[in-house]
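Number of protein chains: 2
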Amino acid sequence: MNLFADIPVANFEELHETLHSHGKCRIERIVSCGQASPPGFWYDQAEEEWVVVLQGAARLMCDDRMVDLKPGDFLHIPAHQRHRVEWTTPDEPTIWLAVFYG
Amino acid sequence: MNLFADIPVANFEELHETLHSHGKCRIERIVSCGQASPPGFWYDQAEEEWVVVLQGAARLMCDDRMVDLKPGDFLHIPAHQRHRVEWTTPDEPTIWLAVFYG
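If you read the sequences in order, they're chains Z and W.
Read in the numbering used here, the first sequence has 72 at position 72, and its numbers run on one by one without any break.
Read in the numbering used here, the second sequence has 76 at position 76, and its numbers run on one by one without any break.
Excised from the complex, chain Z in its bound form (with noise of 0.2 Å):
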């Protein structure tokens, strides 16, 4: 497998891929075309995450500071900051790296 290999085309639900587990660590790829987390839902994970975006764009919400994300932009996420996703591209695919760890 390769992280920038079968990228669906368009209209795709947002994919979870797990590239790498062991131990305490979790690597995954996510790509996402247009999807953002559902109204007033957020993310509050027991793991820490450092995350990456390798192609795309998107808009992050990590408390109340918002964070955009160009490709090579990356952030941490520490354990049970609450953060969902405000936005991604809708016209192309986000690839994003996820770290997962802890």
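Heads up, a few of these hints could be off.
Heads up, the list lumps identical chains together, so a pair's fine if it works in one copy or across two of them.
[As the list claims (entries may be wrong)] With a cut-off of at most 20 Å between alpha-carbon atoms, the simulated SDA-like pairs for lysine to any residue come out as follows: (1) Lys24 - Ala10; (2) Lys24 - Ile77; (3) Lys70 - His20; (4) Lys70 - Met1; (5) Lys24 - Asn2; (6) Lys70 - Gly23; (7) Lys70 - Ala46; (8) Lys24 - Val67; (9) Lys70 - Ile7; (10) Lys24 - Arg59; (11) Lys24 - Gln35; (12) Lys24 - Ala36; (13) Lys24 - Pro90; (14) Lys70 - Trp87; (15) Lys24 - Pro93; (16) Lys24 - Asp68; (17) Lys70 - Phe4; (18) Lys24 - Ala98.
Keep in mind that the hints were calculated from the coordinates and are not lab data.
Following the hints, complete the assembly by docking chain W onto the known chain Z.
Structure of chain W alone, referenced to chain Z:
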């Protein structure tokens, strides 16, 4: 900082930068430009490593297995697996993202 920003143009020393370090997880960006491991040198590290090439290309040896990596190709290098970099593209920076964990 951005994963794809501040890449030297040519003839530079290999760059190792820690993008994130927290608990038992460390994430590094490595930028190579033709560098390889010195003859006879092998990495033998206590941490698990997951590495992906995002730009450029590289050839690793992992024990006696040769692994060619192009953009998007990734690899798990278990703790204490002997490995070395045989080759990286001399004409284009190779950008690696490496996740080390405990």
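So, going through the hints one by one against the coordinates:
Within a single copy, Lys24 and Ala10 get their C-alpha atoms no closer than 34 Å, and across copies no closer than 38 Å, so neither meets the 20 Å cut-off. Taking the shortest Cα distances, Lys24 and Ile77 sit within 20 Å of each other both inside one copy (16 Å) and across copies (15 Å). When the C-alpha separation of Lys70 and His20 is checked against a cutoff of 20 Å, the pair qualifies only between copies, where the shortest distance is 18 Å, while the shortest distance within a copy is 24 Å. Within a single copy, Lys70 and Met1 get their C-alpha atoms only as close as 24 Å, which misses the 20 Å cut-off; across copies the closest is 12 Å, which meets it.
Taking the closest pair of Cα atoms, Lys24 and Asn2 never come within 20 Å of each other, the shortest separation being 23 Å inside a single copy and 26 Å across copies. Neither within a single protomer nor between protomers do Lys70 and Gly23 lie at most 20 Å apart by alpha-carbon distance, with minima of 30 Å and 27 Å respectively. Within a single copy, Lys70 and Ala46 get their C-alpha atoms no closer than 26 Å, and across copies no closer than 34 Å, so neither meets the 20 Å cut-off. Taking CA atoms no more than 20 Å apart as the test, Lys24 paired with Val67 passes in neither setting, with 27 Å inside one copy and 25 Å between copies.
Taking the shortest alpha-carbon separations for Lys70 and Ile7, both the intra-copy value of 18 Å and the inter-copy value of 17 Å come in at or below 20 Å. For the identical chains of this complex, Lys24 and Arg59 are neighbours neither inside a copy (27 Å) nor across copies (28 Å), given an alpha-carbon limit of 20 Å. For the identical chains of this complex, Lys24 and Gln35 are neighbours neither inside a copy (28 Å) nor across copies (32 Å), given an alpha-carbon limit of 20 Å. Taking identical chains as interchangeable, the C-alpha atoms of Lys24 and Ala36 are never at most 20 Å apart, the minima being 27 Å within one chain and 30 Å between chains.
For a Cα distance limit of 20 Å, the shortest separation of Lys24 from Pro90 qualifies neither inside one copy, at 33 Å, nor across copies, at 36 Å. Taking the shortest alpha-carbon separations for Lys70 and Trp87, only the intra-copy value of 12 Å comes in at or below 20 Å, while the best inter-copy value is 30 Å. Within a single copy, Lys24 and Pro93 get their C-alpha atoms no closer than 29 Å, and across copies no closer than 31 Å, so neither meets the 20 Å cut-off. For the identical chains of this complex, Lys24 and Asp68 are neighbours neither inside a copy (28 Å) nor across copies (27 Å), given an alpha-carbon limit of 20 Å.
Proximity of Lys70 to Phe4 under the C-alpha cut-off of 20 Å is found in both arrangements, the shortest distances being 16 Å within a copy and 10 Å between copies. For the homomeric pair Lys24 and Ala98, the shortest alpha-carbon distances inside one copy (14 Å) and between copies (16 Å) are both at most 20 Å.
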